[in-house]
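Chains as they are written, first to last, in the numbering used here: chain A, 3 to 272; chain B, 3 to 272; chain C, 3 to 272; chain D, 3 to 272.
Take these hints with a grain of salt, some might be off.
Note: identical chains are not told apart, hence a pair may lie in one copy or across any two.
[Claimed, not checked] Here are the simulated DSBU-like cross-link-like pairs (lysine-lysine), alpha carbons at most 35 Å apart as the crow flies:
id	residue 1	residue 2
1	186	11
2	87	105
3	186	104
4	84	267
5	87	11
6	136	87
7	117	136
In case anyone wonders, no lab produced these hints; they're calculated from the structure. Computed from a prediction, not measured in an experiment: that's the story for all the values here.
Number of protein chains: 4
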Amino acid sequence: MGNLLAGKKGIIFGALDENSIAWKVAERCFEEGAEFILTNAPIAMRMGAVNALAEKTGSEIIPCDVSVDADMENLIDQAMAKYGKVDFILHAVGMSLNIRKKKHYTDLNYDFMHKTLDISAMSLHRLLKTCYEKDAINNWGSVVSLTYIAAQRVFPDYNEMADAKSLLESITRSFGYHYGVRNKVRVNTISQSPTVTTAGSGVSGFNSFIDYAEKMSPLGNADALACADYCVSMFSDLTRMVTMQNLFHDGGFSYTGVSEAVMEKFGSQE
Amino acid sequence: MGNLLAGKKGIIFGALDENSIAWKVAERCFEEGAEFILTNAPIAMRMGAVNALAEKTGSEIIPCDVSVDADMENLIDQAMAKYGKVDFILHAVGMSLNIRKKKHYTDLNYDFMHKTLDISAMSLHRLLKTCYEKDAINNWGSVVSLTYIAAQRVFPDYNEMADAKSLLESITRSFGYHYGVRNKVRVNTISQSPTVTTAGSGVSGFNSFIDYAEKMSPLGNADALACADYCVSMFSDLTRMVTMQNLFHDGGFSYTGVSEAVMEKFGSQE
Amino acid sequence: MGNLLAGKKGIIFGALDENSIAWKVAERCFEEGAEFILTNAPIAMRMGAVNALAEKTGSEIIPCDVSVDADMENLIDQAMAKYGKVDFILHAVGMSLNIRKKKHYTDLNYDFMHKTLDISAMSLHRLLKTCYEKDAINNWGSVVSLTYIAAQRVFPDYNEMADAKSLLESITRSFGYHYGVRNKVRVNTISQSPTVTTAGSGVSGFNSFIDYAEKMSPLGNADALACADYCVSMFSDLTRMVTMQNLFHDGGFSYTGVSEAVMEKFGSQE
Amino acid sequence: MGNLLAGKKGIIFGALDENSIAWKVAERCFEEGAEFILTNAPIAMRMGAVNALAEKTGSEIIPCDVSVDADMENLIDQAMAKYGKVDFILHAVGMSLNIRKKKHYTDLNYDFMHKTLDISAMSLHRLLKTCYEKDAINNWGSVVSLTYIAAQRVFPDYNEMADAKSLLESITRSFGYHYGVRNKVRVNTISQSPTVTTAGSGVSGFNSFIDYAEKMSPLGNADALACADYCVSMFSDLTRMVTMQNLFHDGGFSYTGVSEAVMEKFGSQE
Numbered sequence: 003m004g005n006l007l008a009g010k011k012g013i014i015f016g017a018l019d020e021n022s023i024a025w026k027v028a029e030r031c032f033e034e035g036a037e038f039i040l041t042n043a044p045i046a047m048r049m050g051a052v053n054a055l056a057e058k059t060g061s062e063i064i065p066c067d068v069s070v071d072a073d074m075e076n077l078i079d080q081a082m083a084k085y086g087k088v089d090f091i092l093h094a095v096g097m098s099l100n101i102r103k104k105k106h107y108t109d110l111n112y113d114f115m116h117k118t119l120d121i122s123a124m125s126l127h128r129l130l131k132t133c134y135e136k137d138a139i140n141n142w143g144s145v146v147s148l149t150y151i152a153a154q155r156v157f158p159d160y161n162e163m164a165d166a167k168s169l170l171e172s173i174t175r176s177f178g179y180h181y182g183v184r185n186k187v188r189v190n191t192i193s194q195s196p197t198v199t200t201a202g203s204g205v206s207g208f209n210s211f212i213d214y215a216e217k218m219s220p221l222g223n224a225d226a227l228a229c230a231d232y233c234v235s236m237f238s239d240l241t242r243m244v245t246m247q248n249l250f251h252d253g254g255f256s257y258t259g260v261s262e263a264v265m266e267k268f269g270s271q272e
Numbered sequence: 003m004g005n006l007l008a009g010k011k012g013i014i015f016g017a018l019d020e021n022s023i024a025w026k027v028a029e030r031c032f033e034e035g036a037e038f039i040l041t042n043a044p045i046a047m048r049m050g051a052v053n054a055l056a057e058k059t060g061s062e063i064i065p066c067d068v069s070v071d072a073d074m075e076n077l078i079d080q081a082m083a084k085y086g087k088v089d090f091i092l093h094a095v096g097m098s099l100n101i102r103k104k105k106h107y108t109d110l111n112y113d114f115m116h117k118t119l120d121i122s123a124m125s126l127h128r129l130l131k132t133c134y135e136k137d138a139i140n141n142w143g144s145v146v147s148l149t150y151i152a153a154q155r156v157f158p159d160y161n162e163m164a165d166a167k168s169l170l171e172s173i174t175r176s177f178g179y180h181y182g183v184r185n186k187v188r189v190n191t192i193s194q195s196p197t198v199t200t201a202g203s204g205v206s207g208f209n210s211f212i213d214y215a216e217k218m219s220p221l222g223n224a225d226a227l228a229c230a231d232y233c234v235s236m237f238s239d240l241t242r243m244v245t246m247q248n249l250f251h252d253g254g255f256s257y258t259g260v261s262e263a264v265m266e267k268f269g270s271q272e
Numbered sequence: 003m004g005n006l007l008a009g010k011k012g013i014i015f016g017a018l019d020e021n022s023i024a025w026k027v028a029e030r031c032f033e034e035g036a037e038f039i040l041t042n043a044p045i046a047m048r049m050g051a052v053n054a055l056a057e058k059t060g061s062e063i064i065p066c067d068v069s070v071d072a073d074m075e076n077l078i079d080q081a082m083a084k085y086g087k088v089d090f091i092l093h094a095v096g097m098s099l100n101i102r103k104k105k106h107y108t109d110l111n112y113d114f115m116h117k118t119l120d121i122s123a124m125s126l127h128r129l130l131k132t133c134y135e136k137d138a139i140n141n142w143g144s145v146v147s148l149t150y151i152a153a154q155r156v157f158p159d160y161n162e163m164a165d166a167k168s169l170l171e172s173i174t175r176s177f178g179y180h181y182g183v184r185n186k187v188r189v190n191t192i193s194q195s196p197t198v199t200t201a202g203s204g205v206s207g208f209n210s211f212i213d214y215a216e217k218m219s220p221l222g223n224a225d226a227l228a229c230a231d232y233c234v235s236m237f238s239d240l241t242r243m244v245t246m247q248n249l250f251h252d253g254g255f256s257y258t259g260v261s262e263a264v265m266e267k268f269g270s271q272e
Numbered sequence: 003m004g005n006l007l008a009g010k011k012g013i014i015f016g017a018l019d020e021n022s023i024a025w026k027v028a029e030r031c032f033e034e035g036a037e038f039i040l041t042n043a044p045i046a047m048r049m050g051a052v053n054a055l056a057e058k059t060g061s062e063i064i065p066c067d068v069s070v071d072a073d074m075e076n077l078i079d080q081a082m083a084k085y086g087k088v089d090f091i092l093h094a095v096g097m098s099l100n101i102r103k104k105k106h107y108t109d110l111n112y113d114f115m116h117k118t119l120d121i122s123a124m125s126l127h128r129l130l131k132t133c134y135e136k137d138a139i140n141n142w143g144s145v146v147s148l149t150y151i152a153a154q155r156v157f158p159d160y161n162e163m164a165d166a167k168s169l170l171e172s173i174t175r176s177f178g179y180h181y182g183v184r185n186k187v188r189v190n191t192i193s194q195s196p197t198v199t200t201a202g203s204g205v206s207g208f209n210s211f212i213d214y215a216e217k218m219s220p221l222g223n224a225d226a227l228a229c230a231d232y233c234v235s236m237f238s239d240l241t242r243m244v245t246m247q248n249l250f251h252d253g254g255f256s257y258t259g260v261s262e263a264v265m266e267k268f269g270s271q272e
């Protein structure tokens, strides 16, 4: 449609299938004139339909286990071989072993939790550290990671992912400071409405919660495509002085204490 | 340059002279294909150079004292006569009588303070109320008001404007809820770096503070042009699920506790 | 019971009847060894049962319309005549004319709103300014004002009081800075659960909302007596380095995104 | 002095020597009538002077490596054998291997980081999980953990501890929800001024930063004894409806954007 990202090169993590937010981001970045590499965990890529996306957008696929230094180095080396430096990166990565194993928050397994933190939060540090060492991002480049409001307030079903997202947002600020000072690179998180993705659908009671969030949000829940649009704006030059922020993209959910729609449904049983 | 706002109609408050953020917003909106009405207080328009801006952007000028209901109604009526409904509004309005009169924060005059609150904060309510009554904003329209981080943390020289900005941000959330529910209209504030404008230059010790903020911000202070770009992104369809937010546009100042650059200057006297 | 406030002198605004939080604060301060003056608007005192409280606690009653400078000066002068300087003040004052007149938030009357802001928020500034000028508060004295989370997030029925509370919290920070620097006086707000008081009961749909807040709060809603206990802790020397804060006293409501109890009631209709 | 904690039983982590905040907390809890167990890492106890504190307060010492499940279980079992259930716990635990090894934030070692997160943040989860399983805390019991504002804003020298503290605060909210719902147990963090302790003194440029924080805080920096007083208030029944909060105890630093004292020193070199 536009040319907002014309000439920009990037890396997009996390496009599993067409329900993924990252998939929509890739499509929108392509429409706006960007080139990029698609990456995901080797195991996810075998399951995923990412080849179709790669073809459609003329992208190369480079697998990367975000918890493995060598994989991350390989990814960045290949990106630099191809593009020189990159302009934008989407980090849409998260996985909770304790949720998969149905461990209650009060009964977490700590080996699982370390794995969750490593994949869902420290992976952003590993990515940024690797880029920083190799000087892989152009000045005023933009890194966006996806997060959720459970980092601020408790949503019980979100379990340990809340803690992982808090860690992710802290890393965003901490590394954003250093990368900003040295290279004017900006690092932000987008805190997205609950979204029906293949990854998100594992959380229990999810449909009921989606309905709750929809009724609580003055504009309704933001969907994956709207999130992709917002990512485009954050990768563009229009937002180049925004960094170290957590940006709520949620139809107003974050600042609604209670909506009339929720109170109506809540109160009508009395 | 682009066409991000092609076909969109708007109203821009607060373009006094070419140092004004609103002036830059008008120029950038024009470049992106928007049409708009320029407005300001009658007294400001006499002093200002806004005619040059109106000519350059093919805009009409409609004076409006934001503290007068009839003026606001007239403005919205004329906008509707011209455009039907509008798509975006920039509210860049602020004035502190206590600062002008050099009253210390601990010695405020309350008649002055009421005037400050009326012009700097309640004016946003008056604007939105008038639009809401007349149904003057298209669905998914975007209203942006400019604010400052003194609404969250104390900057002594900012005086009562801190309180006015807190009120402004609360009105943004409160009205944003209602306008979102009824018409999907979104309302946000942009919290901008200290900016050298004709209006801002009245604050005491401002140059020294600009330097402090520059050193505290990993990307440096955001200037008026960058703010205009950010406003463009907020008026565009790329951000249509963002509402009721206060968005820091400040080079990372808001999440920097202290920078090495500040500590270096601070500590070097010891 | 204790002697946590032994020897301390104070002023307590807002004790209307035994449902008032301020009434409980007075009782608890008395139990902890404090002496204090009771004050309220002249009109409220005629309606109220405050004489019984004054007798019980050995307190003097001094009427004060918080929107009138002369009343405030008289109150502080009399307090100083009696005590020299005071150690603590409770500001529990709020009134919304637009709510009384059943004006919707999107249709506020601005004369009413000015009155609301004056009584509910600027009254704290007037109080602190008067004390500051007369040097009426001992070093390390403690001023507490009551607020509500609608200052941070939208609760539609709270209407313009949300905006008034935002202003109140900003004044708390702004004046807290100056009074802290000069006299080590600390100023904080306590953000209390919705509480069944004679004043609070005017808000529409209040019972249903109380139930919602109760279910959303891991500890349940905080009641007036618990709030009084918290005020005692804030007036005591145990908290002397806490200032410019907004302290949630709400059973965990503020950091609960959604509770299982709410989702259960919300979802059971499907 | 008082009897605010008369009859209460507790566990205090982290009393290394008389500079420790935990040491002061133990002394103050003892003065207020509490009994408690002192605990620390086995290696810290060999170095520490904790025996003197144990004698003075009539406390038992039970070593516990907070990263070892069996140690934690042993601690809680012994506490229950002695007291039945406990009423309060102070978690004052933190250690950063990357800081010790002088790794810059942009060059963290991830094995070290996992260790840092485990000891400094997940240890709170391990503690609460162990108590929750064994039902070791009385209803309305109070758990306090110490944190720092680097969890919200970047202080570069604080390095990865910022991320660890963010994780700690998230765990506080998450577990606070569940423990509140089941047992009315409240869990909070106190975010303390930078404090000259044996542990804190390892951070580079610390003296200069202490001076900066002192000048930025309207009341000056809070010291360890004031923090102990605040902990007493949080362990007492006066605060029983406060949970899932991060409470700044910092003389107003957290809400001061800039102070006149800092600007004076900052600007005087020009």
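**Message:** Within, between, both or neither: how does the pair residue 84, residue 267 come out at a Cα-Cα threshold of 35 Å?
**Reply:** neither (54 Å within a copy, 42 Å between copies)
**Request:** Go through the copies and call it for residue 186 and residue 11: within, between, both or neither, with a Cα cutoff of 35 Å.
**Result:** Close inside one copy (17 Å) and across copies (34 Å); limit 35 Å.
**Message:** I want to check one pair: residue 186 and residue 104. Are their C-alpha atoms no more than 35 Å apart within a copy, between two copies, both, or neither?
**Reply:** Between. Shortest inter-copy distance 25 Å satisfies the 35 Å Cα cut-off; intra-copy 42 Å does not.
**Message:** At most 35 Å between CA atoms: does that hold for residue 87 and residue 11 within a copy, between copies, both, or neither?
**Reply:** The answer is within: 8 Å in one copy meets 35 Å, while 38 Å across copies does not.
**Message:** My question is about residue 87 and residue 105: at a cut-off of 35 Å on alpha-carbon distance, are they close within one copy, between copies, both, or neither?
**Reply:** between (42 Å within a copy, 26 Å between copies)
**Message:** My question is about residue 136 and residue 87: at a cut-off of 35 Å on alpha-carbon distance, are they close within one copy, between copies, both, or neither?
**Reply:** within (9 Å within a copy, 51 Å between copies)
**Item:** Copy assignment of residue 117 with residue 136, given that the CA separation must stay at most 35 Å
**Value:** Cα proximity of residue 117 and residue 136: in one copy and across copies (26 Å, 26 Å).
This entry does not satisfy hint 4, going by the numbered hints stated previously; all others are met.
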